[in-house]
Every structure is written in structure tokens, then in C-alpha cells.
Amino acid sequence: MKREAVFPVDTDANTTSDDWGSGAAAILDDVMWDEESDLSPPQTGALISPMDIVCSASPVNSPAGRVYTLDRSGGGGISPICGDESPIDKVDGPRWAQQFQQPSLGGEEVLRMQLDKMDELDASEELGYHALSDLDLTHVILENQRTIGRVQSRLFVPSSLDTEGGTRTRRMQTFGWDMVQRVDGNIMECVFTKKFHGLNVAGLMQKTWANDMRLGEFKKVKGETCRLEVLQQVNPNAYVLCRDVMSPTQDISIFRSVFVRFLIETSKKISASSGVSSSGTGIDASAPSTPPQYAESDSDCEELMLEATGYVLGTQSVDTDHSRHPRAEDMFNKVAWAHLSLSIEFLNVVNPVTGEEYQQLCWSGRTNYCGPEHAQRNASDMLQGMLRWELLIIAPALNLCSLR
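Everything in the sequence shown is counted per my numbering, starting at 1 for the first residue and increasing by one.
Among these hints, one or two may not hold up.
Stated by the list, open to error - No farther apart than 30 angstroms at their CA atoms in a straight line, the calculated lysine-lysine pairs in the DSS-like style are these:
id: 1; residue 1: Lys219; residue 2: Lys117
id: 2; residue 1: Lys334; residue 2: Lys117
id: 3; residue 1: Lys117; residue 2: Lys222
id: 4; residue 1: Lys207; residue 2: Lys222
No lab work stands behind these hints: they were computed from the structure.
Sequences and hints are given; from them, build the entire structure.
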């Protein structure tokens, strides 16, 4: 399928092929993937700063703090900008694509399941969807992590934004969850966190991943869902889906979303005192924030940081032709497009001093449901859905642990 290029390329670059085998080298030559380049995410106008890619907890972080760029002078090897001095040769594909060459993180169950699928022609005609490339997927994941990072940085710390204008913010503790929700116009933002002991984060992640692919299982968490179809399997750890959710109001009949659901591994540092991630992804420097807190003594600067490793199950909407320019028949049928940026972190946290270990789950999200009334309802639905998910996924695991 012919698609418009959405990435900056050299003016003298040759036309690339959609075929991976022949296209990888051309993409490497065309895309200036170094410390001076900017890449824009697909179907958006915002530019991605390379330092966001290097510094954030993104899927393209290089191990051990190394950042690699193409060595144009030595036969196609990859040379480190920092870290080891010896070049690394014969890397299978560009650096940004290596993340997709790992086996399925979600286990083999999803690969064996019979999923409801929509073929490419129908997806293009009904939804205006065009298949994503690996590089498109990288941009989608980065967009999700920047969005979730901004949400967490705003909601973790109380500020004047909690009550500014028509904003409504709720902070509470329910069933062991620390919950923060903010509704501002069409936008709902939330962060839910909870600590557990004795859980297998990989098992929980895989069960959630499998259930989220099947309409019957997904309806147990969000009962209003009436459609869940796979449009594309980008790789074993990333699928594009279309979801329709029934609306109880007269102005809108169906909320439709086309989104990428992806799995990545993650590692970060967590403050021992607050339990809040110390390395948020893509903090929005232009957003208002609380003044920095300065340490009163040297001991305050030596706060113990816990080591957290695990997985992120992300959901990120992608624009389609019809979401940007709704069809007349969709408008007649009262179909509205809902935008989703969601993340579930499954973390295993270890105290490096005492060796104490626990598990932390964090639900974070930002949604746009096309109106203040719908945003308020979505806030309630998000909370109830999370508690249903805990009952369905977490409770059986805890019961098994208590029987041991």
C-alpha cells in the first residue's frame, strides 16, 4: 500500500521500499538517527527531541547508557557515541528496530488464540486506517510514554492545578489503592498505584495481555464494549485494534478508538519514601509546576532509591483518515472518536540495602471523550474497570499465594 512519508530524510536519499529486507539499509541512510536529529511521530505535528529518546524511559534506550549512531565511514557498522569504544558490527537492522526482534513478552497464548480480525481493505474503507511500520510504532510508544510521564508528574504532587478553572481533582485511598483523578473539560487524567507482596508480575502481565485481546474477556472489565477487532499485528508485542464502546447518552451512540496495544520491558528507580518514580518520561517543561524542594542537609540528598524492573502494557490511540475527517454516515450514526493514552506498569521493586521485595502496579491514563459529561462518566468507568480488573486478575493470584 502506498503511504506518504512522515519522517525527515536527506534530500539526496533514494526512495525506500516497504520491504524490510531491502528497506532497512535505506532507512538507516535516510533517517539521521543521532544527537542532532529530530523525528516527528506519525500523524502528529510535534517533533521528538533526541534527548527525550536518550533520557526518558523509552523502548529505544540503549543498554548501559550507550547511544549508537550509524558509522558512515566504515562499512555500515554502528559506533558508540559514548560507552565502549569498539564499534559493534553486523547488528540485525537499525537500532530503533532491534527492540522488536525479541520473542513475545505476552507468552505464546495470544499467538495461538483465534482473534477477531479485520482485513486491510475493510480497515482502510471503514476506519481510514493504514498499516504502521516499525518506525511508526516506535513513535507511537514514545508519544505514549511522554503523555503518561506528563500525567504522572502533574498528578503525583498536589498543586494549584487541582482546582484551577473548572478542573476537578480527587485524591483518595480505596481498597489499598492510592488514587488521583483529574477532569478538565473533555480530558480525564488518572494515576492509580498499589503495592502487593508475593505476586508474579510476568504472569499478571501475560494474563492481562491475553484478556485484552478478546472481546468476551475484555467485556468483563468494560461491559459497554461491543466491538474489539485486530487491524494489524505489527510484531508479537504490538497490535493495532479497533474498539467500539456504547454510550448511554442521546448525543453519542458509539465511542470508537483505533489504538496500538504494546508490551515493553522497563526499569527505573523509585523513591523509598514516596514510592513515586524518580525518572518520569518526557516531563513537559512548559507546564506549570510546584517550586522545587531544596534539601536542608546532606542526608536529604542521599535518599534511598529502590530498583524497579518489569513490564509496561500501553495503549495509545493513532489517528486515521476518518478520525481526522469523520464520514457523513458516521456522523449520522452518532459515532464519536475517543482518544486514549493508557499505561499499566507491572513492577518488581527491590530495596538494594535490605533486600526487601514487593510488587507495585500503576495504572495511568489520559483520555478525551468529546465532552465534560462524558469525561466525568469516563472517570467513574475507569475506576470501576480497574477494580473489576483487580478482582479478575489479581484476586485469584493472591488467593493462591495465601494457600501456600
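For each hint, the structure was consulted:
no. : hint             : verdict
1   : Lys219 to Lys117 : holds, 17 angstroms
2   : Lys334 to Lys117 : holds, 24 angstroms
3   : Lys117 to Lys222 : holds, 20 angstroms
4   : Lys207 to Lys222 : holds, 16 angstroms
Going through the hint list in order, the structure satisfies each hint without exception.
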